[in-house]
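Given these sequences and hints, build the entire structure.
Protein chains: 2
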Amino acid sequence: MGSRSEERRREVLRRLEELGKTVLEQIKEGKSPHIDIPVRSLSNIEFDEEKMMLKLGSKVAKRSFLNVAHTRKFMQTLLVAAFAKELVEQNLHTSLRDMYYALKRTIPGTKENTFEEQTESDAVVVDIEVAKDILREEMHLNADVRGRVVGDVTIIDRGDEVDWSKLGSGGWAIPSNVEDIEFKEVNADYILVVEKNAAFERMHEDKFWKKENMILITTQGQAARGVRRLIHRLAFEHNLPVIVFTDADAYGWYIYSVIKWGSMNLAHVSDKLGTPQAKYVGLTISDIDKYHLENYTIKAKDVDIKRAKELLNYPWFQKKEWQRELQLMIKKGYKAELEALSSRGLRFMTQTYLPEKIENKEFLP
Amino acid sequence: MGSRSEERRREVLRRLEELGKTVLEQIKEGKSPHIDIPVRSLSNIEFDEEKMMLKLGSKVAKRSFLNVAHTRKFMQTLLVAAFAKELVEQNLHTSLRDMYYALKRTIPGTKENTFEEQTESDAVVVDIEVAKDILREEMHLNADVRGRVVGDVTIIDRGDEVDWSKLGSGGWAIPSNVEDIEFKEVNADYILVVEKNAAFERMHEDKFWKKENMILITTQGQAARGVRRLIHRLAFEHNLPVIVFTDADAYGWYIYSVIKWGSMNLAHVSDKLGTPQAKYVGLTISDIDKYHLENYTIKAKDVDIKRAKELLNYPWFQKKEWQRELQLMIKKGYKAELEALSSRGLRFMTQTYLPEKIENKEFLP
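Going line by line, the protein sequences match chains A and B.
For the first sequence, this note's numbering gives the first residue as 1, with consecutive numbering after it.
For the second sequence, this note's numbering gives the first residue as 1, with consecutive numbering after it.
Do not rely on the hints blindly, as some may be mistaken.
[Claimed, not checked] Listed next, with one range per pair, are the computed distances between beta-carbon atoms: (1) B/ALA69 <-> A/GLN277: 54 to 62 angstroms; (2) B/VAL39 <-> A/MET264: 31 to 39 angstroms; (3) A/GLU161 <-> B/LEU92: 30 to 38 angstroms; (4) B/PRO108 <-> A/SER165: 40 to 48 angstroms; (5) A/LYS21 <-> B/GLU362: 41 to 49 angstroms; (6) A/ASN113 <-> B/ILE156: 50 to 58 angstroms; (7) B/LEU92 <-> A/GLU182: 58 to 66 angstroms; (8) A/GLY109 <-> B/GLU359: 34 to 42 angstroms; (9) A/GLU161 <-> B/ASN265: 16 to 24 angstroms; (10) A/GLU161 <-> B/GLN26: 54 to 62 angstroms; (11) B/ASP160 <-> A/GLN26: 36 to 44 angstroms.
These are calculated hints, taken from the structure and not from any lab test.
Beta carbons are placed, not taken as given, at the ideal position from N, Cα and C, and that holds for glycine.
Pasting the structure below:
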């Protein structure tokens with residue numbers, strides 16, 4: 001573990017202890033113990049125009065032990081915080097599901113269980129994230145895992161030196177937790193993030209990342225926390241532009257949106273997971289016309305149109321370029337997949353489409 | 001590419017050419033051209049008791065150009081075979097979806113499209129697999145991708161030497177196509193295949209694969225073709241036992257079943273994807289009692305019971321140990337996840353449960 005992460009580890013421990021100490025002091029002073037938890041409902045989510053990120057507002061709720069409506073959650077909060085402290089102290093990682101099983105028990109002398117459903121312990125983890133401004137990964141609670149990466153980058157991870165340019169056809173499987181990774185050498189002009197693994201494999205086979213001197217990442221669908229955090233760290237710590245490449249549909253654009261601005265249910269950690277400097281290279285609805293892909297589009301379903309209309313109203317999609325694209329999609333009534341580019345030949349994507357658009361900086365903001 | 005794969009590549013080309021040549025000869029002889037395709041419907045799927053694998057029976061259907069009901073499929077078969085031949089010749093890989101887009105067009109002078117839906121081209125790929133006994137991966141058509149691996153193994157892939165023991169917390173992302181991988185050094189006593197990534201990460205963190213001198217693979221749900229083929233190749237080429245570890249439910253047991261005996265819709269390639277020597281270590285329903293996990297079980301839903309009853313009737317689940325387990329699950333009416341073991345402590349799985357069961361060879365067949 002590098003010194004950066006060792007320092008942060010101590011800080012995380014300090015904050016978790018602080019939570020317990022505050023409660024202890026309140027009890028000693030004869031007060032009803034409580035914990036302050038920022039409100040995470042939609043009413044408290046804002047779009048920060050300056051930082052270009054979703055964030056939480058300033059509303060805070062008190063969780064009191066002696067309020068019968070809060071007692072159960074109060075108990076759960078302390079259980080989870082104590083468990084996380086133990087994980088960090090022992091340098092042990094686990095999943096949310098494991099934690100749920102590890103903490104579930106019947107309270108002696110009662111018929112009451114500490115937790116009935118995993119949703120209860122999951123929610124408490126987010127409460128602690130927000131209240132103490134620590135990432136779930138920093139509490140050693142691992143998230144879902146998806147995504148792979150290749151590029152001219154050498155990292156140090158758990159004592160191993162891993163060279164992302166020498167991994168054959170497979171690439172490095174991005175773990176759920178990238179907090180402790182150290183970037184030893186990063187030779188790249190930018191990061192290209194692609195939604196689909198098929199496109200990733202095609203580009204990897206053509207050594208497109210080498211020709212372009214970039215880091216190639218696939219999210220394999222909606223970006224998992226580990227991937228978002230990896231993109232964020234690379235972009236910020238190494239000052240790299242980020243280019244995102246998804247299907248031309250509302251689902252693909254939302255993947256972009258989450259990478260760039262953050263997501264609503266994780267608005268409290270946008271500053272650690274979001275990458276506002278990201279740009280969108282395609283596929284756009286305008287591309288369909290420009291590159292003669294009309295015969296390879298898919299008729300949009302009602303749900304596609306509905307979703308596009310929702311995006312139209314999000315504050316972070318108000319730039320005129322996005323408004324035009326979204327309107328165009330609704331008007332044309334079709335969407336298209338990355339694979340549509342293969343109708344122009346299997347190497348069209350790596351030899352024509354992407355090099356042209358990236359060279360000319362034809363991006364959406 | 002090793003000489004093994006170069007030789008096989010020429011054989012694949014020869015078989016694809018053969019398909020076209022046969023048709024050409026039939027035309028020259030003034031016959032109605034046809035292609036013989038083995039029947040893949042359930043009526044032609046058998047369980048080979050000796051080889052312990054699902055396989056296709058001997059029924060074959062004629063696909064004739066001059067039979068109006070066959071003409072379209074006949075044309076599609078030749079299109080796909082020609083496309084695959086080109087891929088192999090150019091040493092280019094792509095996905096099924098890309099191929100669909102690349103081959104879809106309107107036949108000049110008509111309003112007829114070569115393909116309307118991807119299901120059509122997907123089906124033709126399987127027809128060619130069966131008719132010519134070549135894997136889809138050998139035609140350079142890549143499958144879905146999932147799964148990661150760590151262990152004391154060095155492979156050569158696309159000229160890179162990749163050491164699976166030095167990949168930090170991430171592991172090697174198993175690609176969709178593992179045909180061309182060469183195993184340079186394999187130091188392992190067995191392969192442990194685990195369904196869930198969370199368990200994989202837990203074991204990886206404890207360096208469990210090092211202590212046990214084994215190769216650790218996670219399928220991340222149902223095993224993708226790439227993972228099944230990798231397990232098969234390691235097991236057969238290096239004579240390694242395979243141990244499978246899944247949730248105690250019908251879905252987990254079916255993952256085991258597919259790794260070991262093959263699946264019904266891919267019965268024609270069981271001999272290349274199946275690994276009959278695989279054994280099942282857990283989680284079993286009997287474990288729940290033995291390891292005091294009753295409080296961490298989940299009530300089985302109707303669909304779980306229904307699925308368990310189906311497994312009871314499969315010829316390949318007739319061994320008495322499996323019959324007992326399946327009956328027990330139906331009787332108890334519960335299932336359990338790997339994470340239930342965490343109720344006994346986060347290291348219970350790697351320090352007690354697995355070492356004990358593996359040491360004592362407590363496996364289901």
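Numbers of the earlier hints that this structure fails to satisfy, in rising order: 2, 7, 9, 11
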